[in-house]
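Following the hints, put chain E in place on chain Z, whose structure we already have.
Number of protein chains: 2
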Amino acid sequence: MSRAAPTGWQAVHDEALRRIQTREWPPGALIPGEEDLAAELGCARATVNRALRELAEAGLLERRRKAGTRVTEVPSRRAQMSISRIAEEIETRGARPGYALIAADDTPMPPARRHALGIGPDTPTRHVEALHLADGAPYVHENRWISLAAMPAAASADFTTMSANEWLLRHAPFSHGTLDYSAAAAGEAASHLGCDAQTPVMVLDRATFGPETPITWVRLTYAPGFHLHMKI
Amino acid sequence: MSRAAPTGWQAVHDEALRRIQTREWPPGALIPGEEDLAAELGCARATVNRALRELAEAGLLERRRKAGTRVTEVPSRRAQMSISRIAEEIETRGARPGYALIAADDTPMPPARRHALGIGPDTPTRHVEALHLADGAPYVHENRWISLAAMPAAASADFTTMSANEWLLRHAPFSHGTLDYSAAAAGEAASHLGCDAQTPVMVLDRATFGPETPITWVRLTYAPGFHLHMKI
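Protein chains in written order, with full-length UniProt numbering: chain Z, 1 to 232; chain E, 1 to 232.
Hints in this document: simulated from the structure, not taken from any laboratory. We put the CB at the ideal spot given by N, CA and C, even for glycine. Mixed in with the good hints there might be a few duds.
[Unchecked claim] If the Cβ cut is set under 7 angstroms, some of the chain Z residues that face chain E in the computed set are: (1) R19; (2) Q21; (3) D180; (4) A184; (5) G187; (6) C195; (7) V201; (8) M202; (9) H227; (10) L228; (11) H229; (12) I232.
Isolated chain Z (complex conformation) (with noise of 0.2 angstroms):
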């Protein structure tokens, strides 16, 4: 990188990421301050700033106010994921999506994941289990409750042709959530998902919660051969 071009946080920034692969910044050494680094690069203090700030959230750099910056030691990094409407996800593997409603009633909430959500005893709930579908085959089978308190109109949502997680995605103003992965027997959606009950199957718990409230809490089973893909 020449001194003299101007010098955008992005060029800082895999300078910088260069630096730190080659060993030119060892770990665990201090790296030199923001002002001699725009300095040196040509560039403002804001624009060294902003790269940096980059390389300590992908966990390169440990940032301290007044020790100053070092390369980090043993390096944690963050995986990233989107989250998407099901029907995206399926459409981003390559494939048309499909969805087919089984159910919408008032099978009640297990016990259990009331509470794990905070969903009063009293609360009611609507239930929909649904099967999504990949060029026609099962893709995941969905078993949902919805929080009436939290999105009343989900009692009376027509989710024969919208599915619960379209509809949610539309209407709940979602806030945050949580994401459980976990391996099980296909048990009781294995009939849906065409497999036996002891195929090996991912399952995704996921809650999701607006500001004040929890909205919803969904068991979604794979089909067999479901892969979650992340770049690090």
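Using the frame of chain Z, we list chain E on its own:
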């Protein structure tokens, strides 16, 4: 938020998030320009920019250079997960980490994996098989190949006390990688994990690359009961 109070980017972020969640800024709507927001909220335009960038990175806003910034119609959210040393992962789960080397040898890397990783048939590799323990119980079985073209020192490294996982994090110029989780029967790892070969378990296939060369491929087979937890 009072117009008079000095406003940091986090406060602007929270206020914008509130407007999105309450649908004061409804899905698909164009939001006010950065200068207008800065004037309204009593802060610098750069502060607004920082806050909106965070919301765009979280998938809640869509920014177009000339067309302005819109609230995402059906937001796709990103889940984040921290990737750290296996020993650290075990500690995070509140258990005491343990490690036992099973084999460090020249077992050839499966050709399909060589191909997927881009390691030619003539590139030497070292094979390492190990078991990681949590409070003395099997936590995850590790079956790994390291490219000696990328990491010649791995040929003579002693993995008896330091795991290949830890050794690589300390020595390899880690740049990027892929993670692939799936559910499978425990199979060959079953005897090490203390379960039946048919037991459903979570499998992680992880490929790691340096700036220029593939470094390592590892299959981690987790003990039954493992959960992968993420936040959105």
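Checked hints:
For R19 of chain Z, the shortest C-beta to C-beta distance to chain E is roughly 11 angstroms, which exceeds 7 angstroms, and the interface hint is violated. Residue-level restraint check for Q21 of chain Z holds (minimum Cβ-Cβ distance to chain E is 4 angstroms; threshold 7 angstroms). About 5 angstroms separates the beta-carbon of D180 of chain Z from the nearest beta-carbon of chain E, less than 7 angstroms, and the hint is met. Because the closest C-beta pair between A184 of chain Z and chain E is about 5 angstroms apart, less than 7 angstroms, the hint holds.
Interface hint at G187 of chain Z: violated, since its Cβ lies 10 angstroms from the closest Cβ of chain E, which is beyond the 7 angstroms cut-off. Hint status for C195 of chain Z: violated, given a least beta-carbon distance of 11 angstroms to chain E, over 7 angstroms. At a threshold of 7 angstroms, the smallest CB-CB gap from V201 of chain Z to chain E is about 5 angstroms, leaving the interface hint in force. Annotation: M202 of chain Z was flagged as interfacial toward chain E, and the flag holds, the nearest CB pair being 4 angstroms apart, inside 7 angstroms.
Interface restraint check: H227 of chain Z against chain E, minimum CB-CB distance 5 angstroms, threshold 7 angstroms, status holds. A hinted interface residue such as L228 of chain Z counts as satisfied when its beta carbon comes closer than 7 angstroms to some beta carbon of chain E; here the least separation is about 4 angstroms, so the hint holds. Among the interface hints, the one on H229 of chain Z holds; its C-beta lies about 5 angstroms from the nearest C-beta in chain E, closer than the 7 angstroms criterion. For I232 of chain Z, the interface hint holds, the least distance from its beta-carbon to any beta-carbon of chain E being 5 angstroms, beneath 7 angstroms.
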